[in-house]
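**Q** Residues per chain, in single letters:
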Amino acid sequence: MSNYTILNNDAHKDLRVNTSRSAELGDNIMYTMTFPLEFRDIQSCYPIFFCKDPDSGQLYPAALLGFEQNKNLFLSDSGWDATYIPLMVRRHPFLIGFQADPDGAEGATKPVVSIDSDSPRLIEAHGEESQEGEALFKQDGTPSDFLQTSIGTLESIHRGLEHNKGFIAALLEHELLEPFTLEITLNDGSNNQLLGFYTIAEEKLQSLDGDTLAKFNAQGYLQSIYMAIASFARLRPMIDKKNAQLG
Amino acid sequence: MNQKINRVVIVGGGTAGWLSAGVIAAEHFIGSKNNSPEDSFQLTLVESPDIATIGVGEGTWPSMRSTLQKMGISETDFFRECSASFKQGTLFKGWRTGADDIYTHPFTPPQSYTEVNLAPHWQTAREQINFAQAVSPQSALFTDKLAPKQISTPEYAFNVNYGYHLDAAKFAEFLRKHCVEKLGVTHIKANVTAINSADNGDIASIATDSHGNIEGDLFIDCSGSRALLLGEHFGIPVISKNDILFNNTALAAQVPYNDENDPIESCTLSTAQSAGWIWEIGLPTRRGIGHVYSSDHNTEERASEELLAYIASTVSKQAAASATLRKVQFSPGHRAKFWHKNCVAIGMSAGFIEPLEASALVLVELSAAMIAEQLPANRGVMDLVAKRFNDKFLYRWDRIIEFLKLHYILTQRRDTDYWRDNCEASSIPEQLTDLLALWRHQSPWHRDTNNADDMFPSASFQYVLYGMDFETMPSQTQRRSEQADQQRAGRLFQENAVRTQQLQTSLPSNRDLINKIHTFGFQKI
Numbered sequence: 396m397s398n399y400t401i402l403n404n405d406a407h408k409d410l411r412v413n414t415s416r417s418a419e420l421g422d423n424i425m426y427t428m429t430f431p432l433e434f435r436d437i438q439s440c441y442p443i444f445f446c447k448d449p450d451s452g453q454l455y456p457a458a459l460l461g462f463e464q465n466k467n468l469f470l471s472d473s474g475w476d477a478t479y480i481p482l483m484v485r486r487h488p489f490l491i492g493f494q495a496d497p498d499g500a501e502g503a504t505k506p507v508v509s510i511d512s513d514s515p516r517l518i519e520a521h522g523e524e525s526q527e528g529e530a531l532f533k534q535d536g537t538p539s540d541f542l543q544t545s546i547g548t549l550e551s552i553h554r555g556l557e558h559n560k561g562f563i564a565a566l567l568e569h570e571l572l573e574p575f576t577l578e579i580t581l582n583d584g585s586n587n588q589l590l591g592f593y594t595i596a597e598e599k600l601q602s603l604d605g606d607t608l609a610k611f612n613a614q615g616y617l618q619s620i621y622m623a624i625a626s627f628a629r630l631r632p633m634i635d636k637k638n639a640q641l642g
Numbered sequence: 048m049n050q051k052i053n054r055v056v057i058v059g060g061g062t063a064g065w066l067s068a069g070v071i072a073a074e075h076f077i078g079s080k081n082n083s084p085e086d087s088f089q090l091t092l093v094e095s096p097d098i099a100t101i102g103v104g105e106g107t108w109p110s111m112r113s114t115l116q117k118m119g120i121s122e123t124d125f126f127r128e129c130s131a132s133f134k135q136g137t138l139f140k141g142w143r144t145g146a147d148d149i150y151t152h153p154f155t156p157p158q159s160y161t162e163v164n165l166a167p168h169w170q171t172a173r174e175q176i177n178f179a180q181a182v183s184p185q186s187a188l189f190t191d192k193l194a195p196k197q198i199s200t201p202e203y204a205f206n207v208n209y210g211y212h213l214d215a216a217k218f219a220e221f222l223r224k225h226c227v228e229k230l231g232v233t234h235i236k237a238n239v240t241a242i243n244s245a246d247n248g249d250i251a252s253i254a255t256d257s258h259g260n261i262e263g264d265l266f267i268d269c270s271g272s273r274a275l276l277l278g279e280h281f282g283i284p285v286i287s288k289n290d291i292l293f294n295n296t297a298l299a300a301q302v303p304y305n306d307e308n309d310p311i312e313s314c315t316l317s318t319a320q321s322a323g324w325i326w327e328i329g330l331p332t333r334r335g336i337g338h339v340y341s342s343d344h345n346t347e348e349r350a351s352e353e354l355l356a357y358i359a360s361t362v363s364k365q366a367a368a369s370a371t372l373r374k375v376q377f378s379p380g381h382r383a384k385f386w387h388k389n390c391v392a393i394g395m396s397a398g399f400i401e402p403l404e405a406s407a408l409v410l411v412e413l414s415a416a417m418i419a420e421q422l423p424a425n426r427g428v429m430d431l432v433a434k435r436f437n438d439k440f441l442y443r444w445d446r447i448i449e450f451l452k453l454h455y456i457l458t459q460r461r462d463t464d465y466w467r468d469n470c471e472a473s474s475i476p477e478q479l480t481d482l483l484a485l486w487r488h489q490s491p492w493h494r495d496t497n498n499a500d501d502m503f504p505s506a507s508f509q510y511v512l513y514g515m516d517f518e519t520m521p522s523q524t525q526r527r528s529e530q531a532d533q534q535r536a537g538r539l540f541q542e543n544a545v546r547t548q549q550l551q552t553s554l555p556s557n558r559d560l561i562n563k564i565h566t567f568g569f570q571k572i
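Chain order of the listed sequences is D and L.
So in the numbering used here, spot 181 of the first sequence is number 576, and the numbers just go up one at a time.
So in the numbering used here, spot 214 of the second sequence is number 261, and the numbers just go up one at a time.
Okay, chain L solo, but in the shape it has when bound (with noise of 0.2 Å):
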């Protein structure tokens, strides 16, 4: 029980697996002259050269900077080699109404958001401005197609916060050739073709056709959704939520521009369709355009129909024409745990969820980040570490879940059985039923819970809550707190207002600043 964890093997090469292994490697100095021999730590990722990766994921969080910057990866060499374009956000069409309604979910919160609740103060000016321009420039910069920074800004640094859009292939491969160059990370393309268990029930090996037995003291399941490890060896079921998120198909297109100087969007367009929603994500090469729907709902004819549509009508009716169609489908949920005696898993090998919020990638930096930092010092204590992880990943992934219900329970739209039935109450979580009461009366604030691993800020749920035009009633009674902030509330509006005149006259285009890239790069300072 007191054998140490020097030896961490990642099964699977795909964005999950090259990103857990730079987390991992890039925090534990692997063959750093630190480490004594028999202390050194290993890290070794075995890939099947057979299997494709599905490259999902193609949105990222803010976390991603600090995520990379971490890994030592130079923002100038990300952009270059991953097709990598600026994300502030997400602009959501038809999610309201099913005509021509817009709201916004940009990265950054409401101003001086720590310290003032904008949102009552915001109910009464409702009529004339909407609550993500009144509170923040960035959806105003998004929408006008503008970069988050200038040329002249450091790397990492930010006028406004972003994320990423990036061409999930080039990732992967990106990734590993940091791991292998400069984290030391042992790359080994072999496909798995047994799995060897130890007395005490824990994997001791894997065997594979051309590298033989490959021993670790903790194995990574980064296998995809087939979970080779925890799913097909261990047998841990997958926990549907099919039941409250009902998309589990999706279509997707690789589409050209018109024009190869065409603006590049800053953020994801979001926008509802019959039976599921149309995801477009601006890369400087292409556009990335799919709809993912529900099949209990929609036929995969009607379905290509609709995205064809939206390509014809946002691109061009030969895009349309000479689009070729992917389909994936997945079943949402995840599962029951996710850290199993001394298998634990990222990625898709770990749950599946529709993309409408871009979840995918930030679990996986999330779950490698604790897995670095709380790697067992040794077998004794691995399973206290396992247990920790799996009670925070499933609150998260419950999080994410009723997150993401939100944007579906809060339509006026009643056109399809689709939209009827996300607003059933039997399929909408019963702690999403409690908070929705409660924000009829409040709203949402940073300080109404205090716990850490929450995905989503309040922020972002005042976004979508007032995007989706939700009412939280005025207080009953006059409140000494909301009288005092009101003045200030008043003056941080028009601050936001000049503020966000400055950044649109003074920010890049996203395409100038990503072609600038290209050309210099950005400064280290």
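If we strip away everything but chain D, and leave its shape as in the complex, we get (with noise of 0.2 Å):
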């Protein structure tokens, strides 16, 4: 289970982060959460669908890393082979938190860093000069540069998020997402079947009035549907991938 506390130099300052790749830190998972101003990077690797938070039923853009749960195609032995990780496999252990803003109106929050104490990536490093991992904060306490860097993964979700509740309720109000279901069929003769996605209605795509299309042009909606679009291409390489792994 995950346990999050906000951030600081003080209580932090000896934790150092284990920044590998493998199922043992977390990352052998079927999806993850992705935003369109990574669609680009997340296409070329990956096929992206779209699925619902159980708890809300709020759908969100994924990219599929797997046609199992818990089993991650990309991830090896030797780590995560693929040229672009996804920025929610690359927040661990961070998660943005929010607090209430003592500057804002009633109600306001603000974002703040959060750590996840109980991750399996973090490492003690007792005072002496461990080498292993990434430091969070450097010897006068400010940001090391990986801390910096993990901030701004932070702060392009955060922005992902907000842009996905708008990409996500234009394509709905167009009725633009359709379920679907996946059918594999392996070298074994197994067949798979992958439940509970959505995609792009590509024939309500393409009746779209030009207005309408004008309007996803500029919010750049239209560019992140042919993207998701075009990802469908990646299905093929990861099927061949998982019938190279039935051998």
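It is worth saying that the hints were derived from the structure and are not from the lab.
Hints may be right or wrong, so weigh each one.
Partial pick of chain L residues on the chain D-facing surface, computed with a CB cut under 8 Å [what the hints assert, rightly or not]:
no., residue
1, 198
2, 227
3, 562
4, 563
5, 567
6, 569
7, 570
8, 571
Below, computed lysine-lysine pairings styled on DSSO-like, alpha-carbon distance capped at 27 Å [as the list claims (entries may be wrong)]:
no., chain 1, residue 1, chain 2, residue 2
9, D, 560, D, 610
10, D, 599, L, 439
11, D, 610, L, 229
12, D, 599, L, 364
13, D, 505, L, 563
Built from N, CA and C at the ideal position, the CB exists for glycine as well.
Put the two chains together into one complex; each comes in its own frame, and the hints tell you how they fit.
**A** Structure follows, in structure tokens:
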């Protein structure tokens, strides 16, 4: 389970983070949330689908990493075999938390960097000169380059979440998402069904009027929609990977 | 006689009026571009600003889902604005013996119902497991106060079938807004002062105090039990069914939850009393609790004592002490016919019977749907449609009355005149007596009849019969089909047990899901 606390340079000064990729560190996942702002990189490696958060029913775009629960086809003993790793994977062990904003209006919150103190990525350095993993803070208590980068990742995610809301709402308003079932037959003859995913309804997309297309273009949604469609081409290499694993 | 039927006027703005308006308007595209002005269909609803709606019917059948969906209503909006909750069936307490006996009537039919009749196969296990739990996961789910779906399930879709509990006053207002803003229904607030006849005896127009004469080709009487048009104007009498179903008085209360996070029942509770039964309908905001009884068998004083005792024991003594009881009297029965000349009655103007199986709203839905579907093209063919309508709904009323009566005649209770009188042969419709004799030897089954107008599927009869401990005797000879089905039945019972457990662990509580609908809403996909 996760146990998030707000990051601070006193309590967490000796913490280091293991940045390698492995099942033990929580990377063996079937899919992960993604954002239009990283679609360009995502679609070069992974198929982009849409799925629902089971707790809220809200839809979000996701990068598909495997065909079964807890099976990431890109993960091997030597790490994560792809040129781009999704933001939501790279964020660990950090998360954006929200704290009451004393300077804002009543009920206003501001984002703060939180850390999962139960994350398997954390290494207690115990004061000695440990070289394993990445330090969070420099000797003087200022953020390390690694932490700076991580904060950048969190900021991207924060913007991405906001952008997703508008993107998904626009897709739903124009009925541009439809449920789909992916059936994959592997070389060993086994059939695998992927249920619960949604994809762009291409027929609806083709019948959009010019005004809507212009609006989507101005908002950047049009490019994201076509990148999601193009990303389907990444399914084939994944199936090949899966077949190769079967031997 | 070739006058087109383009102007429909609904008189009365309760749930029946607005639901009818919505169903008809959604089918006929008022003011749509496809209609040329002379063909354009107009629907006007005239509502008295002075008459409060009774707000009868806070429980629906699963049919309400498709009724709302066809009207273009968002299920999320419906939940948020009508204090709606999920209903998965009914739980009956004390009907068999008056003690702690319980049985359920879930909305979901037995597993693989169209292929295998599980009833005879269950008979051998009847001591170990009750019928409803053996054949369907649903009663276990609503006994646990679980929801029939998840927040990620699209609107109107389900894991197990469901209808709704709702706040009738809010529902009428919600429908009004939708009808006027989205479906193009004209809403006139006025009192009807007179009814103007045409030469052929039809209603030509209704005179109002503030909007003059309102003309129409078809008038729908949704004016409640007084039946302003069909009853008062045309004099179509009510056929009393008081000799079969004795309940004619209801005392209703609205009780707050002890804590706002208390669980919400996902079924209607029906608890038998000395001369009637108490309903309990859980909404997110309150519990609707009422006692429906026979005034020939019970005094109002005693009936309210029983109701307050129920509230005291299920809610709190304090809730019982502060409860306000509202009394509604009705004479159980229906009009001799529902469609006369160019006037058709829907809702309480057509008839009313105790709410034991929540038949009020479904009759409104079915009536409005038939009018929408068979709207006569001209006056010349209207009488033919009227006859069809009358035949169909007289048949349906008879079936409802028989099914309600079935709940009473299987009781072992003999503790009061009410229960003894209910079991008197003279109070039981002949066809029901015949069926009961037949069911001693063969269980009800969906191939028994092929009448599409049967209100209750044979599965419902199975749930009530076997829930009430009715015994169907085993076949006297060996049956090929029963032997062939035996293994399959065993498998289905097992599958049902597995599926029940899966659903019990994966479905949220009714309260949790309703909270999530208020926060996030359902997706349309």
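**Q** Please write out, lowest number first, the hints stated earlier that are contradicted by the structure.
**A** Result: hints 2, 3, 10, 12 break, sorted rising.
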